[in-house]
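Generate the whole structure from the sequences, applying the supplied hints.
Chains V and E, in that order, give the protein sequences.
Take numbering that gives the first Met the number 0: the last position of the first sequence gets the number 206, and nothing is skipped along the way.
Take numbering that gives the first Met the number 0: the last position of the second sequence gets the number 204, and nothing is skipped along the way.
Hints listed in this document are in silico derivations from the structure and should not be mistaken for laboratory results.
Just so it is clear, the structure is predicted and the values come from calculations on it, not from any experiment.
Certain hints may be false.
Taking CB as the label site, the calculated pair distances span [to be verified]:
no., chain 1, residue 1, chain 2, residue 2, range
1, V, F126, E, E125, 49 to 55 Å
2, E, G98, V, V78, 25 to 31 Å
3, V, K167, E, G98, 28 to 34 Å
4, V, G94, E, T23, 50 to 56 Å
5, E, L56, V, Q129, 50 to 56 Å
6, V, I104, E, E125, 43 to 49 Å
7, E, D194, V, L108, 33 to 39 Å
8, E, S123, V, T79, 52 to 58 Å
Even for Gly, the Cβ is constructed at its ideal location relative to N, Cα and C.
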Amino acid sequence: MSQITAKQMGMTLCHDCKKLIAASAIESRDHYCPRCGAALHMRIPNSLVKTWSFLITAIILYFPANFLPIMTVEKLGSVTSDTIMSGVISLVQHGMWGIAAVVFIASVLVPLLKMISIALILISIQFQLQMSAKQRTVIYQVVAFVGRWSMLDVFVIALLVALVEFKKIATITAEPGATFFGIVVVLTMIAATTLDPRLIWDNRAES
Amino acid sequence: MFLNQKPLIACPHCDLLMEKFAITYGQKAHCPRCHTVLGQPIKRSLEYTFALSLTGLLLFIPANTEPVLSLNLLGLTQEATIFSGIVQLFNSGLWLIAGLVLLSALVVPLINLLLILYVSLSLSIEILLPHVTTALRIYQHLEEWAMLEVYMLGILVSLIKLMDTADVVFGTGLYCFVGLLFTSVAISSHIDHEDFWEHIEHLQT
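Right, here's the structure in full:
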């Protein structure tokens, strides 16, 4: 029984409590898991459509998130606005390479790679591309795991605006770019949860 | 067929059907096809989760009422709590991002602690309290939305950014926050979902 899936045997795993349930229960009266009460589905319903819509919205909002300023620093009369990228650059100019790398990875690299990875997985499922299913599962797991770390910049702003509040001497205020950035992170996190990784393997079994 | 002979399990990430195998403490089971971790039994999972969620709730209060960091600049001092940052964001008109920080750094971590305390209390006294299954399900869905460790990294980044312009002083809140962070990470690594669900199933019958 090396390559038999639960679906092929007419069984499904409860999304929430991971109990294995005969699929006849899904089609008949109970749509709910007898153990935990979660709605039962063979696969996440409309997984691809849902994931695409969250992903495309995220991609669109990724532009204002990066081009609009995320915060404004007012220091003794001089005003500078920072975007995500200009914040990283100014850290580099101050010689803070380590922290610049952390912020760059969390705020620029992770969201970008995450969106590319989800799009790649979606395309590979829809067009049944011959790619290693195991590798794609690993990519999915990494994407689902690292996504939340992109909230880093949002939290930094939340702290800075509270701390640097010295009226005319120095003040930091948050700007709309931060909102777009936060929404992008949330949307990509939702996209990862609506994507059913089992679809990667379903394709392979059929072809 | 073999359906009635041995209990079966399926991999949540690739749907591979397998016979259920016994694993002991300290072992980790991987799916042979996609390598997803299928199970990792944890010793005294229930006791740990119960105790840790109580600890977390106790630490939650000072972590949020006491200042996390304070800044000295030209004789002026400004203190910041997690909540004051949220208020500042709200005041600058960014209510959406204020709400996001409020949820991920404050509300969801609190709800998670309450939910897991409720579930582990119910299982400890061996009585199915109302809506225990719903509580555990909500906890599982909310787990990734509690972002204390990301917030901690945010504190470090802010600290380094401000270090050369002003004096940054650690507040009592920071120590409590670090404690709260360790407790919540410990809960995530000590909770044995499989064991919890089987315990609930056992109480249901």
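Using the beta carbons of E:S123 and V:T79, state whether their distance is inside 52 to 58 Å or not. Because 55 Å falls inside the window, the suggested range holds.
49 to 55 Å was suggested as the range; check whether the CB atoms of V:F126 and E:E125 agree with it. holds, 52 Å
Given the hint of 25 to 31 Å, is the C-beta distance from E:G98 to V:V78 inside that range or not? 27 Å Cβ-Cβ, so the 25 to 31 Å window holds.
Please test the hint of 33 to 39 Å on the beta carbon pair from E:D194 and V:L108. holds, 37 Å
Can you tell me whether the CB distance of V:K167 to E:G98 sits inside 28 to 34 Å? holds, 30 Å
Determine whether the Cβ-Cβ distance between E:L56 and V:Q129 falls within the hinted range of 50 to 56 Å. holds, 51 Å
Has the hinted range 43 to 49 Å been met by the Cβ atoms of V:I104 and E:E125? holds, 47 Å
With respect to the beta-carbon atoms only, verify the hint that V:G94 and E:T23 lie 50 to 56 Å apart. holds, 51 Å
Checked against the numbered hints given earlier, the structure satisfies every one of them.
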